[in-house]
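Taken in order, these protein sequences are the chains called A and B. Residue 349 in the numbering used here is what sits at position 349 of the first sequence, and the numbering runs on without skipping anything. Residue 465 in the numbering used here is what sits at position 465 of the second sequence, and the numbering runs on without skipping anything.
Hints listed in this document are in silico derivations from the structure and should not be mistaken for laboratory results. Check each hint, because a few of them may be wrong.
[Claimed, not checked] Result set (DSS-like, lysine-lysine): computed pairs, CA atoms no more than 30 Å apart in a straight line: (1) Lys331(B) x Lys277(B); (2) Lys262(B) x Lys349(B); (3) Lys178(B) x Lys142(A); (4) Lys401(B) x Lys422(B); (5) Lys277(B) x Lys401(B); (6) Lys178(B) x Lys349(B); (7) Lys349(B) x Lys331(B); (8) Lys142(A) x Lys459(B); (9) Lys349(B) x Lys277(B); (10) Lys262(B) x Lys262(A); (11) Lys331(B) x Lys422(B); (12) Lys178(B) x Lys262(A).
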Amino acid sequence: MPPSKRHFFSHLHPVMVYRRTLSPSTTLGLGMACLTCLGVLLVTGATLFLYYVPDTAVAYERILHITTTLYFGRLIRNLHFVAANALIVLVFLHMARVFFTAAYKSRSLNWQYGLVLLLLVLFANFTGYVLPWDQVAYWATKVASSLAEYIPFIGNGLRRFLLGGSQVGVETLLRSFAFHAGVIPPLIVVFTGLHLWRIRKDGGLASPPHQLGDKIPVDPWLYRAEASVALLTLALLLFLALGVDAPLFERADPNHPPNPAKAPWYFVGFQELVSYSAFWGGVAVPLFLFIFFVLAPYLDRTASPPGMWFARDRLLLNVFFGALLLSQVGFIIIGQWFRGPNWGLIWPF
Amino acid sequence: MAVASLLVLAASLLALLTGDNHDHQFHGTIADITVNLGGSPVREHCTTCHTEGGSPTWEGTHWMSASHPDITPHAPERLGCTGCHLGEGMAMDRTFSHGLPGLGGRQVLQGQQVQGRCYVCHELEVLPGAEKAWNGYRLFRQKACYLCHYLNGMPEDSGFGPDLSHVGSQLGLAQLEKAIRDPRAEPDNSTMPRFPLSRNQVRDLTYFLKSRVEAPLFTSPMWVTAGRPAVAVPDVVPEDSSLVAGERLLWQGGCLACHQYKEEDGRIAPDLTRVGKMRDRDYLEGFLEHPSRLIPGAAMPPSLLNAAAKVELVEFLEGSTSEEAHHLEAKEIYMHHCQRCHAANGDGKGLIQANLAQFPRAFLGNDGFFRRVTDSRLRDSLARGISGTSMPPYEHVLSAKSREDLLDLIFQSFIGISRQDKVEETPLPPRPDALPLQRAERLYDRFCAECHGRSGTGKGPEASRDLPRPRNLTNAPFFAAIEDERILRGILNGVSGTAMPAWRGVVSDEEAWALVEKVRRFSGDRP
Numbered sequence: 001m002p003p004s005k006r007h008f009f010s011h012l013h014p015v016m017v018y019r020r021t022l023s024p025s026t027t028l029g030l031g032m033a034c035l036t037c038l039g040v041l042l043v044t045g046a047t048l049f050l051y052y053v054p055d056t057a058v059a060y061e062r063i064l065h066i067t068t069t070l071y072f073g074r075l076i077r078n079l080h081f082v083a084a085n086a087l088i089v090l091v092f093l094h095m096a097r098v099f100f101t102a103a104y105k106s107r108s109l110n111w112q113y114g115l116v117l118l119l120l121v122l123f124a125n126f127t128g129y130v131l132p133w134d135q136v137a138y139w140a141t142k143v144a145s146s147l148a149e150y151i152p153f154i155g156n157g158l159r160r161f162l163l164g165g166s167q168v169g170v171e172t173l174l175r176s177f178a179f180h181a182g183v184i185p186p187l188i189v190v191f192t193g194l195h196l197w198r199i200r201k202d203g204g205l206a207s208p209p210h211q212l213g214d215k216i217p218v219d220p221w222l223y224r225a226e227a228s229v230a231l232l233t234l235a236l237l238l239f240l241a242l243g244v245d246a247p248l249f250e251r252a253d254p255n256h257p258p259n260p261a262k263a264p265w266y267f268v269g270f271q272e273l274v275s276y277s278a279f280w281g282g283v284a285v286p287l288f289l290f291i292f293f294v295l296a297p298y299l300d301r302t303a304s305p306p307g308m309w310f311a312r313d314r315l316l317l318n319v320f321f322g323a324l325l326l327s328q329v330g331f332i333i334i335g336q337w338f339r340g341p342n343w344g345l346i347w348p349f
Numbered sequence: 001m002a003v004a005s006l007l008v009l010a011a012s013l014l015a016l017l018t019g020d021n022h023d024h025q026f027h028g029t030i031a032d033i034t035v036n037l038g039g040s041p042v043r044e045h046c047t048t049c050h051t052e053g054g055s056p057t058w059e060g061t062h063w064m065s066a067s068h069p070d071i072t073p074h075a076p077e078r079l080g081c082t083g084c085h086l087g088e089g090m091a092m093d094r095t096f097s098h099g100l101p102g103l104g105g106r107q108v109l110q111g112q113q114v115q116g117r118c119y120v121c122h123e124l125e126v127l128p129g130a131e132k133a134w135n136g137y138r139l140f141r142q143k144a145c146y147l148c149h150y151l152n153g154m155p156e157d158s159g160f161g162p163d164l165s166h167v168g169s170q171l172g173l174a175q176l177e178k179a180i181r182d183p184r185a186e187p188d189n190s191t192m193p194r195f196p197l198s199r200n201q202v203r204d205l206t207y208f209l210k211s212r213v214e215a216p217l218f219t220s221p222m223w224v225t226a227g228r229p230a231v232a233v234p235d236v237v238p239e240d241s242s243l244v245a246g247e248r249l250l251w252q253g254g255c256l257a258c259h260q261y262k263e264e265d266g267r268i269a270p271d272l273t274r275v276g277k278m279r280d281r282d283y284l285e286g287f288l289e290h291p292s293r294l295i296p297g298a299a300m301p302p303s304l305l306n307a308a309a310k311v312e313l314v315e316f317l318e319g320s321t322s323e324e325a326h327h328l329e330a331k332e333i334y335m336h337h338c339q340r341c342h343a344a345n346g347d348g349k350g351l352i353q354a355n356l357a358q359f360p361r362a363f364l365g366n367d368g369f370f371r372r373v374t375d376s377r378l379r380d381s382l383a384r385g386i387s388g389t390s391m392p393p394y395e396h397v398l399s400a401k402s403r404e405d406l407l408d409l410i411f412q413s414f415i416g417i418s419r420q421d422k423v424e425e426t427p428l429p430p431r432p433d434a435l436p437l438q439r440a441e442r443l444y445d446r447f448c449a450e451c452h453g454r455s456g457t458g459k460g461p462e463a464s465r466d467l468p469r470p471r472n473l474t475n476a477p478f479f480a481a482i483e484d485e486r487i488l489r490g491i492l493n494g495v496s497g498t499a500m501p502a503w504r505g506v507v508s509d510e511e512a513w514a515l516v517e518k519v520r521r522f523s524g525d526r527p
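From just these sequences and the hints, can you work out the full model?
Structure follows, in structure tokens:
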């Protein structure tokens, strides 16, 4: 490769990749879509950073100012909102892809980096949720932080740490902002860097040996594929942001909880579980999920090579993992749309 | 990749064209003013559209607006907009700036609704332009709202109902109106009665309540801490020279906001005209002090009159003679004494039924109950009342003959059976020496707690399903007056006309006796 064609992205990529890497069915482009969302979040976040004030007295008015007065303020906020929610969905889909193709085999370190990123993304989303300081944000944070209390031993301390006291208040807003805008983004960037770097260290995408095929140059083929996914994602986010308004409700009123008060949607599944049993929903299931995800690469003793979709000898594992994810989706759907006042069942249509 | 690029290009173009959500070209600039309200700066964009202060219209290429009505001695340019009109001054979107739907704490006030903000700056006094809000305050005193609800600066603090000191910051006019007109819509276990108020009266009350805000603009924090500003309390006693001292106390104590006394009727609570003859002095004094000790679950707040006034009031009620001019017929007696609770058609849903701690016994279509109650118990209930409930004793008000006639009438007109028509009850098992108390605890949690509640207050999760409501098992005066056998009969045979089923066959005889013991533990006293 002539020196003139070297650039920043050359550091992140090898010179040649297997032809299989470019096939859309190999990864579904989910990792790149996540990365695009992250980029959009960083850019829009930096813009919102300039106008937002983390103080309970003015936070809501600043959001109004951003949404209704600033040029493209509403679009920027919508993009941030849409990308944040898309990221959560994509991160889980990405994880499911890695699991169903067993791509974590002999790459368990990168799987763990991925889990750290998953937690960071959830935490970033959770800390961002309260910032508009409206009714829904306030009460969702209150509900979600009381879910944290179910965690044995550390629950109470964790809740106090998240809230900066025993109540959602001025301190909560300030530290949520500090985490959301100051602490988590650099951490996510660092771990994303590690995550990408490990792919290269591990020799590119996981693949069964017989499917490797011939190699093709990264420039331009891989760059084009990546750019396509990135641009498609960006286009989709833009269209969504034009159509979907980031929700904003009345100012937060600590004396008047909405009925029912719901956690952010990605925690509503746990809230639904807690409504059946505090132990199972608040402690057992989340802890089990976490331990299962951490240990998955070590527990998987199947012989099939990595990189194959739905390998036959992994049927049981795949069904189990799929059932786990689908049950969470089911609980989220029930909690989000089928629960009315006093958490009673309602028919949403 | 080309397709993707084109898509992004299209999206970006669309964003450029439509993403900017407001028309800057109409005015060129956003009106951004900051006014000083009560010592704190308030920033507003309102006059971007409301250029002259009135409602805006789009004319040709410009926003125009009518001018603000004259509000001398106020000056709009010094007061700003949101101080009086509320709304979200920083928003420039119509939906946002006029207040998002929900609790309506910042919902924009228009026209005469602005009265709701006068007393945020002004102390409570007669104020030109705020007549409706002032009338709301008078109503607040007249209807004795203060007996339950505390307001910052008011002399009384009963602590009985929710504090309304900041309610104007939290709720909008529509929400306040709904809360007054239908108090039990949310939450459904509210004990606040539905006051008979006209639409205008409710509106005036909401204007007044809207002015009760967290930080009144005329006060300093030190004033608030010191209980200032104390508000003027308007006299609610009607200017009628024929009122005697005791009657004035009925007004001053807020009694007549709910109770009836002769022609005055609050249409919420029982008639007090003859209460002095029915109840003795101890009962009346005790009741004024702690209503819910004598009638557990009573919606009446403790009286806020001072001790001397209470004694005077009781003396007045005792001495108040209101002999009937002539001998009344049973029908007249029923309409005089019974129908306020038991209803003119005898179904128990009388005028004030919703505000009573216990559902008045239904007569109409309730023959199953009356077939199983002995005639002597009925006579007894009428003569001596039913303790722990609002049913008063009538022995000093109605002669024995009148009471008999009344019972005959009730059987004839409503129940539809003869007074002697009773069913043979299965004999009750004798009380065993040893009771399976532990099992009774489990049985109670399994079968009873659903309606009667784990703590026996009659407020279990299913309690609001049925009328009559489940019996409050902690009602000490009620249970003190009845024997174990009656409780046992209720458990084994059920109570007709209520949701209480017969548990015979589900629980054994010893277990039923143990449950009687459990009920006794809830209610405290044994007879």
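- Message: Run through the hints listed earlier and report the numbers of any the structure violates, in increasing order.
- Response: Structure breaks hint 10 only.
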